[in-house]
Amino acid sequence: MCTAAASTRGAVLVAALWCASTILAGAHADDFDLRGTVRVAAHPEPDAVVWLDAPNAPRAPSEKPVVLDQRNFTFFPHVLAVRAGTMIDLPNNDRVFHNVFSFHDGKRFDLGLYPVGTSKQVYFDKPGLSRVFCNIHPNMTAYVKVVDSPYFAVSDREGRFTITSVPPGTYTYHAWRPGREELTGSSTLTPATVLDLQWR
Amino acid sequence: MAVKALAGTIVCGAVMLHATVAGAQSAAVEFDQSAGYSTEAVAAVHTKLHAFGEASPGLRFNVTSVWGKRSEESDAFGAAYPYTDHPVVLDAYAERTFRRAEKLFGVRVGRYRTPFGISSESDQAYVGFLRDPLIRYDDFFALSSAFFEHGADVVVGWPRLSLEASLGASADVGEHTRSTGLDQVLRGQAAAGDFIVGASYIHTRPHLARAEIDLPVGLDGDARLDQDIAADETRPLAPGRATFGGVDVRWMRGGVQLRGEVIAGRPFDGAATHGGYLDLIVHRPSMGPLTAALRAEHLAHRDGSMTVLNGERYVAAMRINVGHGVIAHVEMLHTTEGLSDHRPSAFDIGVSYSRRLQ
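Order-wise, the sequence lines are chains U and Z. The numbering of the first sequence is the working numbering, which starts it at 1 and goes up by one. The numbering of the second sequence is the working numbering, which starts it at 201 and goes up by one.
What the hints contain is simulated information worked out from the structure, not anything from laboratory work. C-beta atoms are modelled at their ideal positions from N, C-alpha and C, and glycine is treated no differently. Be aware that a few hints might be false.
Stated by the list, open to error - Computed list of chain Z residues with no C-beta within reach of chain U, every gap over 12 Å:
(1) Gly236
(2) Thr239
(3) Val245
(4) Glu272
(5) Thr380
(6) Arg441
(7) Ala472
(8) Ser505
(9) Thr507
(10) Val530
(11) Met532
(12) Gly538
(13) Tyr553
Unchecked claim - Below, in silico cross-link-like pairs of lysine-lysine (BS3-like), each with a Cα-Cα straight-line distance of 27 Å or less:
(14) U:Lys64 <-> U:Lys120
(15) Z:Lys303 <-> U:Lys64
(16) U:Lys126 <-> U:Lys64
(17) U:Lys64 <-> U:Lys107
(18) U:Lys107 <-> U:Lys120
(19) U:Lys120 <-> Z:Lys303
Input sequences plus hints: build the corresponding full structure.
Encoded structure:
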């Protein structure tokens, strides 16, 4: 009897915590994970950014820190997607200095040199594309795609992507990859939807 | 020898690339090709292969091989690579860096650049200048940027305050190389705000013969010079030990970098060399692909009571990242009397192409 009561209290507590966390995070019970693939012709396309228009979607109260790493003379990841209003950490994990900068259409900055184990931050406040370089190592390049939506993802090596916690509805979707025109379309998305996008 | 060095780098890179790909770790090979011309009537071409990556999680490797040819002896286009007319391996090391509880501990083993002052290839070769500072030119009784060690290097401390120690045998590349022996290098570095400050000390062996067999720059006497050159080629290196100390400072803000280095010491018994440089490197975001650089530098060398070298050089340079791996350099310099055997002013132009294969 006591065990059953304790078990019931535990279940109620878990349910209450789950409700609180989902409300705080702006998520709902019928939200679902949207899956899909990105291809160029018949080939899977990695590093493509896919996002859904949702400029008024609520912002989660505590978002994970977003990192654009400098490691082994390489920016990692090569393509990073974030929501507008995100602070990005750019740690130097090489024993040589790097000089990270961006001067193209998006955010413009030059971080100068900083030693291994230290980091600098850049606040990406507006949607757009920032091409990021190292002024010392010309083969170090990365893209930061800033979108005005919490619903976005970057495709993996097999061209697959998953956008988490999407409320069902009709959305305008976009897809971008380096060197290609942006794909745009509209679709009614449900938990059964698989979004397959293709550049010709 | 030449073919062995290049083949060794390629095989080493290929093996590491294969091993790392098989182990699902990252690996890459970079190819650089550069060419340049100076109004000092010096032309140069250069090829570099750089293989790097992770052999296992956290264990990184670096292998660099270069092959350069220059029409005559000069420091022109020497900022990035030595010119040896045959392929040579520059770096070939493995390193691991640990970071725990904000502390830093790193180990590097193999063949690497002597870690004295502002010494890395990144620092000297890719900031806009085509020539090394005078104090880092191996023909001027100082510390060459082409000094290498076969040994182990350890860095301990925190990211913003660290101590680096290297123990190795000299394995230099270039025209003048140190005699074989054990070298010790100590370096401390601190970073605070916009400043990075370092202090270095090296205890090593001489890399040049005594200055008395060289003429002070500017003195006449072709017959004596020929005799000296002949003697230089047969005479052993100067005796004793070489010791240098140095301080380097960098300040950066908003794409403007001011940096300098002062080095002083004894290249061999009875001699003294001191010098330094101050660089202004500007790369504001509004400048797009352009980097502008200015340098003022000084070098003096005395052998006993005789002043062999004493002068200044002023450099204005620009680096243009054209895109798609192409970078163009232009550089104007003026050298005062007492340092240059060439015309006091020169104009250098260079172009490089770099591509990464992953």
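Verification of the hints:
Separation of Gly236 (chain Z) from chain U is adequate, the least Cβ-Cβ distance of about 17 Å exceeding the 12 Å criterion. The beta carbon of Thr239 (chain Z) sits about 26 Å from the closest Cβ of chain U, which is more than 12 Å, so the claim that it is off the interface holds. Once the 12 Å rule is applied to beta carbons, Val245 (chain Z) is consistent with being away from chain U; the minimum gap is 19 Å. With a least beta-carbon separation of about 29 Å from chain U, Glu272 (chain Z) lies farther than 12 Å from that chain, consistent with its non-interface assignment.
Once the 12 Å rule is applied to beta carbons, Thr380 (chain Z) is consistent with being away from chain U; the minimum gap is 27 Å. Every CB of chain U lies more than 12 Å from the CB of Arg441 (chain Z), the least distance being 28 Å, so the non-interface label holds. No Cβ of chain U comes within 12 Å of the Cβ of Ala472 (chain Z); the nearest lies about 31 Å off, and the non-interface call holds. Its beta-carbon lying about 41 Å from the closest one in chain U, Ser505 (chain Z) satisfies the requirement of being farther than 12 Å from that chain.
Separation of Thr507 (chain Z) from chain U is adequate, the least Cβ-Cβ distance of about 36 Å exceeding the 12 Å criterion. Look at Val530 (chain Z): its CB is around 17 Å from the nearest CB on chain U, clear of 12 Å, so calling it non-interface holds up. A cut-off of 12 Å between C-beta atoms confirms that Met532 (chain Z) is not in contact with chain U; the least separation is 21 Å. Even its closest Cβ contact with chain U, about 33 Å, leaves Gly538 (chain Z) beyond 12 Å, as expected for a residue assigned away from the interface.
The beta carbon of Tyr553 (chain Z) sits about 9 Å from the closest Cβ of chain U, which is not more than 12 Å, so the claim that it is off the interface is violated. At most 27 Å may separate the alpha-carbon atoms for a hinted pair to count; Lys64 (chain U) and Lys120 (chain U) meet this at roughly 17 Å. Proposed proximity of Lys303 (chain Z) and Lys64 (chain U) is supported: the alpha carbons are some 23 Å apart, at most 27 Å. Straight-line distance between C-alpha atoms of Lys126 (chain U) and Lys64 (chain U) comes to about 19 Å, which keeps the hinted pair within the 27 Å bound.
Only pairs whose Cα atoms come within 27 Å are accepted, and Lys64 (chain U) paired with Lys107 (chain U) is accepted, the gap being roughly 21 Å. Restraint check for Lys107 (chain U) and Lys120 (chain U): satisfied, since their Cα atoms lie roughly 15 Å apart, inside the 27 Å limit. A C-alpha spacing of about 18 Å is found between Lys120 (chain U) and Lys303 (chain Z), which places the hinted pair at or below 27 Å, so the restraint holds.
In the structure shown, a violation is registered for the earlier hint numbered 13 alone.
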